[in-house]
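Engineer: Read off the chains here:
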Amino acid sequence: MMQPATKDHAALSEIFIKDEERVNWHDGSLWWIRQKRDKVAKQIPEWESLREVASGIKSNVISNLHEYLLQFEANAKKNGITVHWAADAEEHNAIVYSILKAKEINQLVKSKSMLTEECHLNEYLQERGIDVINSDLGEYIQQLAKEPPSHIVLPCIHKRKEEIGELFHEHLGSQKGESDPTTLTRIARKHLRNVFMTRRGALTGVNFAVAETGEFVVCTNEGNADMGAHLSEVHIASMGLEKIIPQKKHLGVFLRLLARSATGQPITIYSSHFKKPRPGQEMHIVLVDCGRTRQLGREDFRNSLKCIKCGACMNTCPVYRKSGGHSYHNTIAGPIGAILAPNLDMKRHADLPFASTLCGSCSNVCPVKINIHEQLYKWRQVVVKEGYAANTKALGMKAIAWTLSSPGSYITAGKAGRWVLANIPLAINNKLNPWYKQRDMPDSPKESFSEWFVKNKKNGKKEG
Amino acid sequence: MTVGLFVPCYVNQLYPSAAIATLELLQQLNVDVVYPLKQTCCGQPMANSGFEHLTQKCNDLFIQNFAQFDYIVAPSASCVLHIKDHLHSPEQEETATGIRNKIYELVEFLTDVLKVEKLNARFPHKVGVHHSCHGLRGLYLAQMSELNAAPFSKPHQLLNLVQDLELVTLDRGDECCGFGGTFCIAEEAVSVKMGKDRVTDHLKNGAEYITSSDLSCLMHMEGILHRNKSNVKVVHIAEILNSRI
Ligand code: SF4
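Line order of the protein sequences matches chains W and E.
Going by the working numbering, the first residue of the first sequence is number 1, and it counts up by one from there.
Going by the working numbering, the first residue of the second sequence is number 1, and it counts up by one from there.
No wet-lab data here; the hints were simulated from the structure.
Only a predicted model underlies this, so the values are computations on that prediction, with no experimental measurement involved.
Glycine included, each C-beta is placed from N, C-alpha and C at the ideal position.
Hints may contain errors.
What follows is a set of in silico ranges between Cβ atoms, one per label pair, in the way DEER data are often shown [stated by the list, open to error]:
| no. | chain 1 | residue 1 | chain 2 | residue 2 | range |
| --- | --- | --- | --- | --- | --- |
| 1 | E | D171 | W | S49 | 26 to 36 Å |
| 2 | E | R122 | W | S29 | 21 to 31 Å |
| 3 | W | S29 | E | N148 | 16 to 26 Å |
| 4 | W | G56 | E | T169 | 35 to 45 Å |
| 5 | W | R294 | E | M1 | 25 to 35 Å |
| 6 | E | D85 | W | T198 | 51 to 61 Å |
| 7 | W | K446 | E | Q68 | 49 to 59 Å |
| 8 | W | K146 | E | E166 | 52 to 62 Å |
| 9 | W | I267 | E | L161 | 37 to 47 Å |
| 10 | E | E166 | W | S29 | 28 to 38 Å |
| 11 | W | I267 | E | K204 | 34 to 44 Å |
| 12 | E | R100 | W | R294 | 27 to 37 Å |
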């Protein structure tokens with residue numbers, strides 16, 4: 001599952017950026033969502049304190065995860081839900097498979113689950129003869145395209161409507177050249193409706209699981225999670241351990257933040273509460289660790305578990321907007337992906353903490369106030385110390401040579417010039433220097449400030 | 001009040017005029033300025049690349065050079081932020097803490113310490129302000145567009161004191177330019193694309209000059225402007241504030 005990435009973020013971005021017109025469009029779409037987010041966030045006077053409260057609740061959750069999980073398990077069981085625990089992706093997939101197999105179900109309709117993407121559940125089930133359909137429109141499109149999602153909330157944000165039309169033509173028999181979004185949505189709807197009617201098994205993700213009541217909440221805009229769950233004999237919900245919230249009243253905080261941060265909507269169209277199976281239905285919850293407890297043990301990175309997967313940090317990230325989600329070669333892209341991925345496989349994802357300018361916009365939009373850019377900085381230190389920096393092409397010799405030169409205290413003003421020119425890679429004026437490819441060097445001044453200063457002896461206040 | 005002037009290594013070598021303007025401006029405002037000649041670098045290039053553990057020598061040298069002053073001022077938000085966030089010393093931690101608390105970026109020194117309300121400067125041009133991310137989100141030189149909080153901008157506050165200067169409004173007032181230290185080399189394609197888009201925003205809105213409190217951002221954007229044969233220039237904010245009537 002975790003093969004080494006063939007290309008790193010820098011190389012994959014370079015490919016994405018070649019089509020500049022597309023990059024501009026991609027950047028513009030996401031920026032538009034960021035603006036919508038700003039607008040609704042600014043309509044709520046208490047927005048910043050709401051973020052603070054959400055962050056505080058999540059701090060409590062990750063500090064007491066053990067108790068809350070057990071409380072949730074007990075209450076969910078009381079409600080008639082079967083609770084499973086999975087240490088890793090393999091266990092998760094095996095549990096899902098065994099539930100389906102016991103009921104002789106060989107078709108599954110799935111919705112809203114980045115976790116199952118993370119676990120590569122579709123492939124696993126398909127190898128065992130179970131057909132899986134992603135029912136969120138964006139994920140459905142990505143499945144047709146045989147590509148992973150490029151964004152956690154907007155899975156096919158990198159695809160233009162013409163490309164989607166082409167996919168539908170090829171797979172669903174729609175008219176060639178059809179690219180009207182409404183028509184395409186209708187076509188997908190018709191196909192999915194049939195899927196909903198015939199599938200006996202449904203799998204959903206979980207946005208929030210309430211320890212106090214043993215219920216869970218799934219937020220969607222399309223109602224597909226409900227459709228799948230309500231029409232199925234078996235409803236399986238896969239959730240990462242960190243999705244717990246202590247009490248039902250806390251939903252009031254998170255539901256206000258989630259959709260506003262994600263898409264600039266006041267709330268998702270559906271915030272569906274699942275508490276117990278309806279008569280005749282089986283309901284299962286799989287609680288999945290998959291590296292989360294390891295992250296919990298990393299003091300500097302623990303807060304990343306507060307994430308409610310709103311995607312705001314991606315929408316605001318200029319690097320993400322210009323490089324596209326697939327350049328992160330990880331299920332979760334963007335700034336949050338870059339701080340989660342090294343925990344899963346540091347070697348493979350050693351490049352991701354460096355795929356950022358550390359501008360800090362991500363931390364400012366994050367509804368649960370994760371210090372994302374500070375964690376990126378800290379991951380860089382860890383990646384280098386663990387000896388993985390050299391594995392990333394992005395940090396090739398050119399950059400390393402600069403970074404390793406430690407200016408000793410012997411450097412006097414006169415020698416500093418030589419040090420800078422010899423060590424700043426952008427000062428080397430040649431074609432192999434990446435700075436020079438698309439940028440000129442500043443004109444070199446006739447003397448440095450130090451030289452000027454020594455000549456003019458300007459210490460002190462204004463003369464005369 | 002004695003101020004130690006910290007001129008980051010690349011400013012010293014590549015943009016001496018910005019350092020001269022900083023010095024002259026402070027002196028105009030009656031500040032006693034000392035420039036320690038043995039200074040080099042804040043250590044940021046190493047640290048941001050994951051080599052913070054190699055910066056101790058750099059830190060010690062910085063402490064040696066600057067501990068004695070009432071304030072330390074530098075015409076570079078990024079280097080100031082690095083010192084504020086990361087200057088430590090196992091042997092002289094108290095002194096290091098003192099430095100972290102008394103180092104200022106030029107703009108904030110002018111607005112917050114000197115409380116400048118009048119300048120004898122004239123700059124008859126249309127100017128676009130580039131907020132460097134370290135200045136904005138690190139030093140809080142202006143309100144960040146992501147937050148639901150009252151707007152303010154220290155660079156704008158000062159530029160408004162300059163005669164005949166016209167500020168242009170940008171479509172994206174505080175987006176990163178993509179310089180990012182070693183990022184500009186390691187992620188060349190993304191870095192340049194980000195820079196191009198920032199520059200385009202300024203051009204589109206009629207700027208003749210792009211100014212900032214960070215020369216690293218300006219150097220990056222200047223590189224792109226030059227390559228594309230644009231007439232638009234970059235200028236450090238100190239040079240505008242120090243421009244004579
Ligand atoms: S890190 Fe914050 S902004 Fe990013 S997806 Fe998670 S909750 Fe949203």
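Engineer: Quick one: are W/I267 and E/L161 within 37 to 47 Å, going by C-beta?
Structural biologist: Cβ of W/I267 to Cβ of E/L161: about 46 Å, so the range 37 to 47 Å holds.
Engineer: Tell me if the beta carbons of W/K146 and E/E166 are separated by a distance inside 52 to 62 Å.
Structural biologist: Check passed, 53 Å falls within 52 to 62 Å.
Engineer: Does the hinted range 49 to 59 Å hold for W/K446 and E/Q68 at CB?
Structural biologist: 32 Å, violated
Engineer: Do the Cβ positions of W/R294 and E/M1 conform to the proposed distance bound of 25 to 35 Å?
Structural biologist: 51 Å, violated
Engineer: Do the Cβ positions of E/E166 and W/S29 conform to the proposed distance bound of 28 to 38 Å?
Structural biologist: Given range 28 to 38 Å: holds, Cβ gap about 32 Å.
Engineer: Indicate whether the distance between the beta carbons of E/D85 and W/T198 respects the range 51 to 61 Å.
Structural biologist: 58 Å, holds
Engineer: Quick check on a hinted range of 16 to 26 Å for W/S29 and E/N148, using CB atoms only.
Structural biologist: Holds - the Cβ-Cβ distance for W/S29 and E/N148, about 23 Å, lies within 16 to 26 Å.
Engineer: Is 34 to 44 Å right for how far apart the beta carbons of W/I267 and E/K204 are?
Structural biologist: 36 Å, holds
Engineer: Between W/G56 and E/T169, does the C-beta distance stay in 35 to 45 Å?
Structural biologist: 37 Å, holds
Engineer: At the C-beta level, are E/R122 and W/S29 separated by a distance inside 21 to 31 Å?
Structural biologist: Given range 21 to 31 Å: violated, Cβ gap about 43 Å.
Engineer: Is the distance from the Cβ of E/R100 to the Cβ of W/R294 consistent with 27 to 37 Å?
Structural biologist: Given a distance of about 33 Å, which is inside 27 to 37 Å, the answer is holds.
Engineer: Does the Cβ distance between E/D171 and W/S49 fall inside 26 to 36 Å?
Structural biologist: 30 Å, holds
In this structure, the earlier hints numbered 2, 5 and 7 are contradicted, and the remaining ones agree with it.
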